[in-house]
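Residue strings, one per chain:
2 protein chains.
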Amino acid sequence: MSQYGSAVECALHCLLYVARADEGGARSARDVAAFQKLSADYVAKLFTRMQKAGLVTATEGLHGGFRLARGREEISVLDVVDAVEGYKPLFVCREIRANCVLFDGGKPAWAGRGVCAIHAAMLRADAAMRDSLAETNLAQLSEHVAHVVPKAQQKAAQNWFQEQGAARGRGARTRAIFN
Amino acid sequence: MSQYGSAVECALHCLLYVARADEGGARSARDVAAFQKLSADYVAKLFTRMQKAGLVTATEGLHGGFRLARGREEISVLDVVDAVEGYKPLFVCREIRANCVLFDGGKPAWAGRGVCAIHAAMLRADAAMRDSLAETNLAQLSEHVAHVVPKAQQKAAQNWFQEQGAARGRGARTRAIFN
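Protein chains in written order, with our numbering: chain Y, 94 to 272; chain Z, 94 to 272.
Source of the hints: derived by calculation from the structure; they are not laboratory data.
Among the clues, some could well be false.
Copies of the same chain are indistinguishable here, so a pair counts whether it falls within one copy or spans any two.
[As the list claims (entries may be wrong)] For lysine to aspartate or glutamate, the following EDC-like pairs were computed, each having C-alpha atoms within a straight-line distance of at most 16 Å: (1) K244 with E166; (2) K130 with E188; (3) K181 with D115; (4) K130 with D197; (5) K138 with D197; (6) K248 with D115; (7) K145 with E256; (8) K248 with E228.
Predicted, not measured: the structure shown is a model, and the values here were computed from it.
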């Protein structure tokens with residue numbers, strides 16, 4: 094098992110669609126899921142976690158959905174990782190240093206003093222990994238996507254999301270007339 | 094699940110006992126396991142992996158066992174991690190970017206071009222973590238242990254290992270006489 098997998102990847106891709114919403118408009122989690130052919134329930138769960146972590150805000154109603162809670166430069170990959178996975182240490186120390194055939198019964202005080210040197214090396218690697226994840230933000234990812242994805246596809250995507258919203262509006266009006 | 098756990102911790106602690114063997118003598122995997130109250134089979138498996146990775150060499154016979162295959166400065170925490178865990182990427186990319194409701198059937202060439210920006214951020218974090226793990230070596234860990242563990246305990250440990258070897262010698266002589 095790798096440390097991070099599909100939850101992080103899905104959440105970041107979803108946030109990129111929220112970040113690209115026109116004029117700070119909201120994006121429906123259901124639309125974002127459908128656009129990427131992902132499970133709507135799974136995506137809803139990820140948005141709930143990101144909302145709890147303060148990365149997105151939700152609005153109710155026909156044109157409701159999720160918006161970024163702060164600027165794209167202020168949401169790092171690390172923020173998203175921690176939001177959807179929780180803090181996950183790289184290494185769990187089992188304090189093997191406290192096991193010794195010579196410790197008759199309990200372990201002496203020195204055997205548990207400070208952080209085990211092996212654990213300390215792992216904590217440094219953990220910090221290096223987290224520092225690196227904190228260096229990339231949504232604005233940079235979004236810029237990369239804008240560079241790679243052809244303009245026609247970007248336009249088609251915007252149209253698709255607008256059409257989903259419009260269809261919901263028509264559905265609501267029809268229901269208002271016939272109900 | 095964290096990325097690394099007891100296999101890495103056990104392997105490093107075991108190597109430290111091999112590194113501290115007097116005058117480059119060999120250490121029996123069974124003794125190293127017994128000293129730390131660890132499963133002998135588990136420790137044997139870890140030594141086999143470290144031998145395959147070229148970190149230790151094995152000698153047969155009554156006073157056989159494992160020795161470091163190179164200097165303590167030349168065995169890093171990363172070497173041990175890779176030996177016992179194999180290369181484990183931090184993140185497995187599922188290429189979600191290739192899923193799009195607008196891609197009718199196959200995905201267009203641009204959708205799979207280069208490394209996904211999310212995957213690239215994860216690869217940078219992976220490299221930062223591995224670079225950090227490569228910065229700590231067995232010599233540094235061993236020095237830390239020598240500093241923390243009281244001299245009397247270090248001496249008692251050396252005596253315990255010598256006594257195990259001597260007991261095996263007496264056992265062999267007894268068997269030679271009576272068999």
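Intra- versus inter-subunit Cα pairing at 16 Å for K138 with D197: neither (50 Å within a copy, 27 Å between copies)
How would you label the pair K244, E166 (within, between, both, or neither) given a Cα cut-off of 16 Å? neither (23 Å within a copy, 53 Å between copies)
Within, between, both or neither: K181, D115 at alpha-carbon 16 Å: Classified as neither: same-chain Cα gap 34 Å, cross-chain 40 Å, threshold 16 Å.
Intra/inter-copy verdict for K145 and E256 if alpha-carbon distance must be at most 16 Å: neither (29 Å within a copy, 59 Å between copies)
When no copy is named, should K130 and E188 be tagged within, between, both, or neither for a Cα gap of at most 16 Å? Between. Shortest inter-copy distance 12 Å satisfies the 16 Å Cα cut-off; intra-copy 45 Å does not.
Same-copy or cross-copy closeness of K248 to D115 [CA-CA at most 16 Å]: Answer is within: at 11 Å inside a copy they meet the 16 Å cutoff, but 71 Å across does not.
Evaluate K248 and E228 at a C-alpha cut-off of 16 Å and name the case that applies: within, between, both or neither. Intra 29 Å, inter 48 Å, cutoff 16 Å: neither.
Measure nothing new, just compare the shortest in-copy and cross-copy C-alpha distances for K130 and D197 to 16 Å and report within, between, both or neither. Between copies only: 12 Å across chains, 60 Å inside a chain, cut-off 16 Å.
Of the hints listed earlier, those the structure fails to meet are numbers 1, 3, 5, 7 and 8, in rising order.
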